[in-house]
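Residue numbers (the working numbering), protein chains in the order written: chain A, 685 to 994; chain B, 5 to 372; chain C, 521 to 793.
Calculated directly from the structure, the hints in this document are not laboratory data.
One or more of the hints may lead you astray.
Simulated crosslink set (SDA-like; lysine to any residue; CA at most 20 angstroms straight-line) [to be verified]:
no., chain 1, residue 1, chain 2, residue 2
1, A, 815, A, 722
2, B, 83, A, 722
3, A, 869, A, 841
4, B, 83, A, 959
5, B, 83, A, 963
6, C, 603, B, 135
7, C, 603, A, 864
8, C, 603, B, 83
9, A, 869, C, 640
Derived, one-sided and incomplete: chain A residues facing chain C with beta-carbon distance under 10 angstroms [claimed, not checked]:
no., residue
10, 717
11, 829
12, 857
All C-beta atoms in this analysis are idealised placements derived from N, C-alpha and C, irrespective of residue type, glycine included.
Chain residues, written in single-letter form:
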Amino acid sequence: MSELLRDLIFDYTLRNVALGSALLGIVSGVLGSYAVLRRQGLLGDTLAHAALPGICIAFLITGSRAQIPLLLGAGIAGWVGTMILLLIVRRTVLSEDAALGIVLSTFFGFGVLLLTFINQRDDANQAGLDKYLFGQAAALIESDVIIFAILGGVALALVLLFYQEFKLLTFDPEFAGSLGFGTTKLSVLLTSLIVVAVVIGLQTVGVVLMAAMLIGPAAAARQWTDRLGVMIVLSAAFGAVAGVVGAVLSFTEERLPTGPTIVLALTVIVFASLAFAPARGLVWEWWRRRQQRRAWALEVARLKAEGHVR
Amino acid sequence: MSSAVAVPLTGVLVASACALLGSFLILRRMAMMSDAISHAILPGLVAGYVLAQGPNLFAGFLGASLAAAVTVTAVEALKRTRRVDAGAAIGIVFPAMFALGTVLVTWRFSDIHLDADAILFGNIEFVAFDTFVFNGQDLGPQSVWVMSGLCLLNLLFIGIFYKELKLTTFDAGLAAALGFSPAIVHYALMLVLSITSVGAFSAVGAVLVVALVIVPAATAYLLTDRLAVMIPLSVVIGAVAALIGYRVAIAVDASIAGAMVSAVGVLFGLALLFSPSQGVVARAWQNRRNRAVIASQMLVVHLFNHEGAPDSEEESSVEHLSDGLRWSPARTDMAVAGASRRGWVVRANGHLELTEPGRETARLVLAR
Amino acid sequence: MTHAPLFEHAPPGTPVPAVSLRDLTVAYRETPVLWDVDLDIPAGSLTAIIGPNGAGKSTLIKAALGLAPLAAGSVSIFGEPYKEQRDLVGYVPQRGSVDWDFPTNALDVVMMGTYGRLGWIRRPGKAQREVAMRSLEQLGMADFAHRQISQLSGGQQQRVFLARALAQDAELYVMDEPFVGVDATTERAIVDLLRELQARGKTVVCVHHDLESAPDYFDWLVLLNVRIIADGPFAATFTPENLSRTYGGRTHVLGRLDHEAVAREAQEIELRI
């Protein structure tokens, strides 16, 4: 145990992986809280998939694996995807559910086309882009962590700054509008911040598992508290814990890939919360119901015995 | 069978089998549910392979179907707890299943058929080499057999249960009252979908299955609103996209599955823009026309409302219109010109007067 | 349309109507849902807006609050555009328009009423908390201040919304169906509140659905069905002829009013056949 702690601090690889994963957990935990409360959890899934062609196009334009342009490409593609999503929902008979699926899968398909095209064309850079598919938390280096910290820090600062406005927007957008807060502007800002979380997540857990990083911590945190502020902090904590646990587990057991392990750790937290959180826990509810049924049965039996009912 | 035949043939069969189910999934708002299933079958598939000690087709189908059943049940159960909404329920379950599958793959056998790329975007390129041998005879690519079987299965499923599927899709309450359990139909559809997903999975991978299931149907939905047309149309769209994708992929030397999905995406984009009824262009054109008519209607209603009132003199002056209605002069001119052309108003020394047809129009507009 | 004695309620020296709509047409997606509305609601009145479903009642108040797109015409609140008068308006949306499972308590929701005056970024402090507490007390909800909102009854949730509007400390209160689905206690509390607001010289505009109770609660009436059918002092306007003009031929109204809804409905029916 103490050895592990020492590794966590002094082992260059583990430290970066754990720090990077924890940062992702915190940022996606915070922004996921708003996404889940606005019932937009799966938007993150769509944004993550839609980012792939952006990364490829950025690579084709710049011809380098430099982080910043690739992440910028991911962000822009995510935005274009969101715009098309809105267009489909507003202008056609198709539901939001269909629109999410359409944007997610076709953008990703186009991304795969570009990715394989790039890979065939110049083999040397192959490993560079593939990591965005499954994420390569295990390969995070110090410069990645620094970029995460800057991006995440800006996102969190904005959430802190607009905490009230986001709360109002999420709870009662119409009332927010009547007070003169530009609800469209606020929505755009919030979605952009979710894009930031997705961009951080792509490198760590990859396209498919990003949905879990946004939804899981928030869904778990919601069970423990009835206060938005507490929920956000808890959600960040759950995200961070899952990140560190995943990083450590996959460090000690080589055959465990980091991203999936983080998500599995998170899933355990989610189900434990659903089952055992005070007040909202399903186990307690089941127990209460059982007690009620028992008391009721006892009462009926008593009434029967006393001859009140037959 | 050579690759030049087997690959496009498999593509068309995969796209057709998937598209057959798409219409119902789109209409039932289960697009993301099918996304979840196509990801969540991974652990079942791997577990099946592990138990069969190799990529055994039957074991794979069985494991994947079980995994799909677990996923559907878990999502439904999570929704029923009312602790999370439907989207979050999906977003909790399928990444967990997918993560489990990935861990299983790396843990149990990193040398197995399933490598990372195959999971995400399949390996349709190599289907010609994986042939079906029976009694020592080479009967051609296994995938062609499997996907033909799945096409047939889906066709039969839709053909036999068309009425039930339709009824439970549009009016679950009525269906239940008539004795068709919506739950049974729901699970049956999910089962068929998961079997189809497994078949398609090895050809095009987890994410791209979803595209072939829902996007052709969504495209068809933009072009027709009759279910009986929508289903065959979506199959045609899927098959055409598969062929286009194959050609493109060969030309640029890139992933065939990716190109197939890109092609279906382009077809969807074309429908989104140019569908005669739903398309963005048609809508914009219609709105433009409507705007002109409605502006004229607004004008006559305005004049009608103020007719005979003490302020009618002022309200009917052409100058006031821009002012009172807060319209730009251009818009006012358009409305006045439109109303004059239709014979609803006449101009008399700077004022507009309603004609009898104009009054009638106003009454009609307000009466509806 | 009656433009008759408008200002009998208005306090001396303020002959400006609380809400004034001029040639107002509201359109969603190019299809008007309200046609050429001219309306003055006198300051100091308790006004009910009544009409059948789909008549555009909610749209009317949303347009007045700058929440719906205007295809023509203008809105003024106490003589000025809404944008400049925001701080004078308190709004109570329909209770069903929000997710009551949101993680927050009653006090916090009521404090949201103070956000408008606070403006961007500034945090509510002790003063805002006190305002919110007082508003809750006024509606008999002080004991529930720290209760999670999903654990409140429908009537209590409605009172929280009313308290939030009170916390806005407005001159004009606009309420969308405040009496829908509430218990008798809450109904009483709302009526008392309306009376008290009027006594303090405030103006209240309610979308209302119940023809029976309306005469007891309100003193000014707007009958609406896509356009203004009649408006004026309650008793004089609440006539059988006006009501039948408002509600009569209603199916016909619905039949052609909402093109989009009809088109979709038709599509679904067609698919069903």
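For each hint, the structure was consulted:
1. A:815 - A:722: Not satisfied, since the Cα-Cα distance of roughly 30 angstroms exceeds 20 angstroms.
2. B:83 - A:722: holds (16 angstroms)
3. A:869 - A:841: holds (17 angstroms)
4. B:83 - A:959: Roughly 14 angstroms between the alpha carbons, so the hint for residue 83 (chain B) and residue 959 (chain A) holds.
5. B:83 - A:963: With a Cα-Cα distance of about 18 angstroms, the restraint between residue 83 (chain B) and residue 963 (chain A) holds, given a limit of 20 angstroms.
6. C:603 - B:135: violated (72 angstroms)
7. C:603 - A:864: The hint holds at about 8 angstroms.
8. C:603 - B:83: Violated - the C-alpha atoms of residue 83 (chain B) and residue 603 (chain C) are around 42 angstroms apart, more than 20 angstroms.
9. A:869 - C:640: Holds, at about 13 angstroms.
10. 717: Where the cut-off is 10 angstroms and the nearest Cβ of chain C is about 9 angstroms from residue 717 (chain A), the hint holds.
11. 829: violated (30 angstroms)
12. 857: Holds, because the Cβ-Cβ distance from residue 857 (chain A) to chain C comes to roughly 9 angstroms (cut-off 10 angstroms).
Taken one by one, the earlier hints fail for this structure at numbers 1, 6, 8, 11, listed in ascending order.
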